[in-house]
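Based on the provided sequences and hints, a complete structural model is requested.
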Amino acid sequence: MGRVLRAFHAFWHVDPFRAALIVFMLGLLPFIAATQFSTLGDIAYLMPTDGNTVCGPGGPTQVKCIVKQVGYVYAINWWPALMLLFPFTVFFSLVSIQSARSVFERLAASRMLVRPDWSSPVEDVGPILDRLWRNFLFLGVPLFLIVAAVMVRDWWCVVHLPLELEVALGGVQHSITRMELVPQLILEQFRSSGCSLTGQENDWSIAASFGNVAGLAALAPDTVKPSLAFNYVFSAYNYALLSLLSGLLFAYFGFVLALTITIYELNQGRFGVQLVLDLNSSDPRKRFGFEYLEPIFAPCVFITVIAFVMGFLMRIQNVYLRDVEFGNVFDFVFLDISSALGRIPDFSIPDLTDWLFNLIAKLKKYFAFDQFSDPQSLLGTPAILIMLSIVSATLGYVLRSTADESQKRVLAALNASAEQGRRVSSYFGLSIEEVRSRAASLQPWPLSWPDLRFAVRMLLVGVICYVFYRVAFVWIGIVAAQAIHGRWFGRR
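Using my numbering, the first residue of the sequence shown is number 13, and each one after it goes up by one.
Source of the hints: derived by calculation from the structure; they are not laboratory data. Even glycine gets a Cβ: it sits at the ideal position worked out from N, Cα and C.
Label-pair ranges, simulated between beta-carbon atoms:
#: 1; residue 1: Val79; residue 2: Phe23; range: 44 to 52 Å
#: 2; residue 1: Arg127; residue 2: Pro154; range: 31 to 39 Å
#: 3; residue 1: Ser438; residue 2: Ala121; range: 14 to 22 Å
#: 4; residue 1: Ala121; residue 2: Leu41; range: 40 to 48 Å
#: 5; residue 1: Gln48; residue 2: Val16; range: 37 to 45 Å
#: 6; residue 1: Ser239; residue 2: Leu41; range: 16 to 24 Å
#: 7; residue 1: Ser443; residue 2: Arg127; range: 21 to 29 Å
#: 8; residue 1: Ile158; residue 2: Asp62; range: 33 to 41 Å
#: 9; residue 1: Ala252; residue 2: Ser438; range: 54 to 62 Å
#: 10; residue 1: Phe346; residue 2: Gly284; range: 52 to 60 Å
If you want it as structure tokens, here you go:
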């Protein structure tokens with residue numbers, strides 16, 4: 013176990029800048045391959061706009077078909093995550109994890125770790141850090157393996173089987189196009205493999221089959237299609253990279269949970285020490301030593317926002333793949349904002365009535381489960397949201413309760429007896445009244461930004477934005493405005 017723990021510790025202590033650069037370069041490779049050396053980056057197909065149309069050669073009409081862009085460049089749930097979001101995630105997670113030792117050493121140097129009898133401070137933080145890394149190992153590794161298994165299954169069902177069976181998944185749900193492309197025999201083969209066609213869509217990973225599948229013709233039939241070997245290698249590389257990076261993201265959530273468990277155990281006195289306030293801290297927000305935890309938790313805020321953005325991109329992509337009005341995802345995201353709630357009506361009663369009925373019709377589709385039935389929405393994004401909720405709730409509760417308990421511990425020691433009060437006063441180098449006054453003015457939330465109420469509001473708004481995806485830009489705008497005003501780092 014000792015060797016495993018040391019290897020695990022060494023893995024998370026690589027240089028953050030170097031690791032982020034390596035991740036960026038690994039994510040850049042498939043983007044270059046798709047856009048420069050293959051048509052996979054800018055491929056499209058003819059998508060039926062209703063359930064009674066077959067597009068392509070032999071189809072009755074092209075009027076009810078739109079040119080649907082599904083190439084790698086248009087798959088915003090893939091390349092922005094690989095090239096932009098994951099490098100930042102790796103960087104901030106490593107910075108956060110590597111700050112743990114210096115943070116606990118700072119707590120010890122500030123005399124916040126004291127023996128139960130208040131006789132002397134505790135300087136050895138080795139047992140606390142050992143327990144933290146053990147908790148991290150037991151939480152982070154299982155989370156990593158679960159994510160890797162989910163990604164392997166997703167690749168098998170979304171890439172391998174469609175290529176092997178030469179079938180394109182997608183089209184309008186329950187349309188004759190889908191029925192023509194997916195015979196009952198193939199459907200049974202999918203089910204016997206533990207896969208389902210429900211909610212799976214035409215994505216970049218199976219785009220090479222478009223020109224070869226009857227009833228779902230490519231936009232440019234004479235375009236040279238990527239070979240089967242290229243498609244396998246390309247998709248396997250991307251899925252392997254996504255598995256690794258998604259696993260690391262969830263492993264970091266495991267670190268935050270491990271840290272909250274360790275802080276809780278420290279607060280309960282399980283290391284033979286008790287956690288108290290640093291009443292000599294010069295922090296203007298009166299956190300009395302708990303501001304020392306900020307180097308760990310400030311990057312956690314960034315990762316939380318990044319994880320939400322990744323979930324939001326997956327959400328946008330999966331809704332776009334079902335949309336029958338817009339041909340590319342960028343028009344869908346930006347041009348559809350103004351039409352999200354319909355045209356602003358005139359003041360006449362009939363126009364207002366029509367507008368209300370149209371608005372209700374638009375809103376109904378947001379509550380249909382069918383919009384969440386794709387693999388990523390069923391497995392990936394909810395997992396991110398659940399983990400964020402668990403981490404946020406656990407972290408918020410543990411940090412606040414730990415600060416409150418430290419405050420109560422100091423005040424209780426003052427009131428225990430005259431001798432104990434003098435010992436506490438001597439420990440802080442303050443008079444008894446100064447100790448009582450400063451401890452009573454504690455502000456228990458350790459972060460400069462966001463404060464607890466703002467963090468809770470943003471989490472709730474983020475969940476709302478996941479469903480009503482077009483208003484997510486409001487959420488992003490609020491966070492950006494806060495960042496512009498310097499709230500990310502606060503005032504020390």
